[in-house]
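Peer 1: So the chains spell out like this:
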Amino acid sequence: MMIVAASRLLEDRKTVFTGTGMPILAALLAQNTHAPNLAIIYEAGGMCPVRPPTIPLSVGDSMTFHKAIMASSMDYVISFIQAGYGEYAFLGAAQIDMYGNINTTVIGPHDRPKVRFPGSGGANDFGSLCWKTIVLMRQDKQRFVKKLDFLTTPGHLSGVGAREKVGLPRNTGPWRVVTQLGVYGFDEDKRMTLLSVHPNVSIEDVQKNSSFPIKIPDKVETTPEPTEKELKVLRSLDPYNVVLRK
Amino acid sequence: MEVLEVGGGEFLGWCDPEEHREWVRKNKSLSMEEKVMDLREAVSKFVHDGNYIASGGFGHVRVSMAAIYEIIRQRKRNLIAAGKTSVHDLDCLIASGCVSKVEPAYSFGHELRGLSPASRRAVETGRVKVAAEWSNASLQWRFKAAASGLPWTPAYVLLGTDTFKHSSAKIVKDPFTGRPICLIPACFPDVALIHVHRCDKYGNAQIDGILVEDFELARAAKRLIITTEEIIPNEKIREKPWLTSIPYFYVDAVVEVPYGCHPCNMPYCYYYDEEHMAEYLNLTRTEEGTREYFDKYIYGVDDFDQYLELIGGIKKLNYLKKLEQGRAQFVYPWVAK
Numbered sequence: 050m051m052i053v054a055a056s057r058l059l060e061d062r063k064t065v066f067t068g069t070g071m072p073i074l075a076a077l078l079a080q081n082t083h084a085p086n087l088a089i090i091y092e093a094g095g096m097c098p099v100r101p102p103t104i105p106l107s108v109g110d111s112m113t114f115h116k117a118i119m120a121s122s123m124d125y126v127i128s129f130i131q132a133g134y135g136e137y138a139f140l141g142a143a144q145i146d147m148y149g150n151i152n153t154t155v156i157g158p159h160d161r162p163k164v165r166f167p168g169s170g171g172a173n174d175f176g177s178l179c180w181k182t183i184v185l186m187r188q189d190k191q192r193f194v195k196k197l198d199f200l201t202t203p204g205h206l207s208g209v210g211a212r213e214k215v216g217l218p219r220n221t222g223p224w225r226v227v228t229q230l231g232v233y234g235f236d237e238d239k240r241m242t243l244l245s246v247h248p249n250v251s252i253e254d255v256q257k258n259s260s261f262p263i264k265i266p267d268k269v270e271t272t273p274e275p276t277e278k279e280l281k282v283l284r285s286l287d288p289y290n291v292v293l294r295k
Numbered sequence: 261m262e263v264l265e266v267g268g269g270e271f272l273g274w275c276d277p278e279e280h281r282e283w284v285r286k287n288k289s290l291s292m293e294e295k296v297m298d299l300r301e302a303v304s305k306f307v308h309d310g311n312y313i314a315s316g317g318f319g320h321v322r323v324s325m326a327a328i329y330e331i332i333r334q335r336k337r338n339l340i341a342a343g344k345t346s347v348h349d350l351d352c353l354i355a356s357g358c359v360s361k362v363e364p365a366y367s368f369g370h371e372l373r374g375l376s377p378a379s380r381r382a383v384e385t386g387r388v389k390v391a392a393e394w395s396n397a398s399l400q401w402r403f404k405a406a407a408s409g410l411p412w413t414p415a416y417v418l419l420g421t422d423t424f425k426h427s428s429a430k431i432v433k434d435p436f437t438g439r440p441i442c443l444i445p446a447c448f449p450d451v452a453l454i455h456v457h458r459c460d461k462y463g464n465a466q467i468d469g470i471l472v473e474d475f476e477l478a479r480a481a482k483r484l485i486i487t488t489e490e491i492i493p494n495e496k497i498r499e500k501p502w503l504t505s506i507p508y509f510y511v512d513a514v515v516e517v518p519y520g521c522h523p524c525n526m527p528y529c530y531y532y533d534e535e536h537m538a539e540y541l542n543l544t545r546t547e548e549g550t551r552e553y554f555d556k557y558i559y560g561v562d563d564f565d566q567y568l569e570l571i572g573g574i575k576k577l578n579y580l581k582k583l584e585q586g587r588a589q590f591v592y593p594w595v596a597k
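For the protein sequence lines, the chains are A and B, in the order given. Residue numbers for the first sequence follow this note's numbering, beginning at 50 and rising by one. Residue numbers for the second sequence follow this note's numbering, beginning at 261 and rising by one.
The hints are simulated quantities; they were obtained by calculation from the structure and are not laboratory data. One should not assume that every hint holds.
[Said to hold, decoys possible] Keeping only pairs whose Cα atoms sit at most 35 Å apart, straight-line, the calculated DSBU-like set for lysine-lysine is:
no.: 1; chain 1: A; residue 1: Lys63; chain 2: B; residue 2: Lys425
no.: 2; chain 1: A; residue 1: Lys281; chain 2: B; residue 2: Lys576
no.: 3; chain 1: A; residue 1: Lys264; chain 2: B; residue 2: Lys425
no.: 4; chain 1: A; residue 1: Lys295; chain 2: B; residue 2: Lys430
In this text, all values refer to a predicted model and were calculated from it rather than measured experimentally.
Make a model of the complete structure from these sequences and hints.
Peer 2: Here it is, written out as structure tokens:
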């Protein structure tokens with residue numbers, strides 16, 4: 050459901066830059082359903098590969114430039130985004146706060162962490178430079194937190210105008226968050242707001258699984274169920290359950 | 261220029277570009293000479309305890325595992341590693357005790373396979389120190405600055421984050437726009453290891469597929485060890501000079517190591533050996549298992565050829581070639597768990 054809901058957010062004929070795992074699968078699903086002309090670009094240099102024989106395990110392996118239009122470099126790709134060509138960033142996260150700031154670095158203190166995660170990778174670059182960032186992650190009280198253990202990648206920082214104030218390019222930042230419970234956006238205060246709940250999920254479930262209050266508008270939609278076609282394409286894209294097992 | 265904020269991470273790999281120029285003039289040969297040697301010689305000559313080391317490719321894609329193994333075999337210690345999307349390369353160096361400091365952009369994970377047990381253990385117990393944090397782009401822009409002989413690369417990343425606070429970058433007021441901008445300091449690694457598809461005996465090298473950061477890293481490093489799937493005649497290089505991504509000037513050693521990227525992915529040649537990766541990930545869950553792995557595959561063999569026999573020899577290598585061409589069944593032994 051998460052992957053399907055995320056894939057529907059991607060508009061055709063745009064660029065998307067994705068992290069490992071579910072984001073790759075969501076981008077591939079979009080490309081193989083409603084967005085056939087979506088340009089999927091990987092930070093290590095792969096630009097617009099054509100449907101590879103298996104899902105990339107890494108954002109730099111040979112599947113990320115399978116029959117691509119260009120096998121470039123990281124400097125090339127991130128410069129391309131910095132110059133304004135990056136529409137969607139598609140990221141995962143270990144923790145997120147109400148302004149869409151994310152942590153993929155540590156749980157606990159930085160010098161002696163309880164859990165050490167890989168760090169930013171390309172996330173800080175994408176989240177700083179792409180026009181619209183979409184975060185795809187599982188939601189619970191430990192992941193939707195009041196205060197991050199570490200601010201790896203900028204969301205709306207402390208609210209309206211904060212990104213511009215620190216020098217990030219204007220009109221960028223988190224746009225949607227997709228979890229197993231629903232789809233969220235950001236209101237005029239740049240705080241996380243519920244947009245739709247997935248089928249059989251209540252608004253209470255949404256609040257119960259967050260340590261910060263999520264804004265609930267008067268009207269909340271229900272995310273349409275995945276279609277047969279979406280599920281079929283999704284399984285065909287990951288026939289070995291490499292991502293879908295999770 | 262007004263400095264607005266200074267990152268608090270340890271400042272590693274830096275030198276004044278003026279000093280670097282002089283170092284280059286004194287130490288790098290500008291003449292096209294044969295540099296072919298074996299791995300043992302290359303590593304003992306150019307990799308020293310305490311060096312800042314950077315591995316080319318992308319963590320488990322086109323990495324010089326043969327050189328990494330030789331570093332482990334020679335028991336190098338206290339290396340400082342660029343965690344520039346470092347996956348299997350760095351994990352092996354950490355697990356075997358060669359590394360004491362890392363500045364990660366992306367490290368301690370195996371992407372879709374999950375976090376790396378050995379590296380996590382090392383960082384969470386404090387055995388390996390995380391000296392600074394970067395993003396992928398900012399760390400490679402350190403090499404870009406160094407490659408250009410400049411002190412920094414300006415960029416609109418890291419701003420407003422803890423990643424910046426733990427980096428060694430600085431934020432200044434840009435004299436052109438008047439807005440804050442991040443200055444990412446140059447990094448001149450003591451040594452870089454880059455695995456390529458082919459090069460001549462002088463080190464003029466071709467890479468098929470994405471360059472990742474190697475176009476910059478090759479020029480930033482003081483010493484550069486090139487391992488190659490094959491050595492080809494210089495005339496072949498001259499037939500298509502536009503395919504050369506690393507010219508000989510930067511190269512200190514050329515080592516021919518077919519399958520030198522195993523168990524990782526060498527684009528257009530061979531795919532990941534997921535069976536071997538699963539064995540590695542499984543054994544490195546414990547200290548005993550980690551010792552068992554390195555005793556078997558590294559200390560227990562004399563060279564990379566013996567290692568290739570041990571991992572399944574020609575039969576396994578042919579299978580990995582077919583996988584890369586999409587002509588064999590993919591297996592993911594770590595999925596079942």
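Peer 1: If a hint holds in the structure, say so; if it doesn't, say that too.
Peer 2: Hints and how they fare:
For the hint linking A/Lys63 to B/Lys425, the alpha-carbon distance of about 33 Å falls within 35 Å, and the restraint holds. A threshold of 35 Å between alpha carbons decides the hint, and for A/Lys281 with B/Lys576 the separation of about 33 Å falls inside it, so the pair holds. Restraint check for A/Lys264 and B/Lys425: satisfied, since their Cα atoms lie roughly 30 Å apart, inside the 35 Å limit. This hinted pair does not check out: A/Lys295 and B/Lys430 have alpha carbons roughly 39 Å apart, beyond 35 Å.
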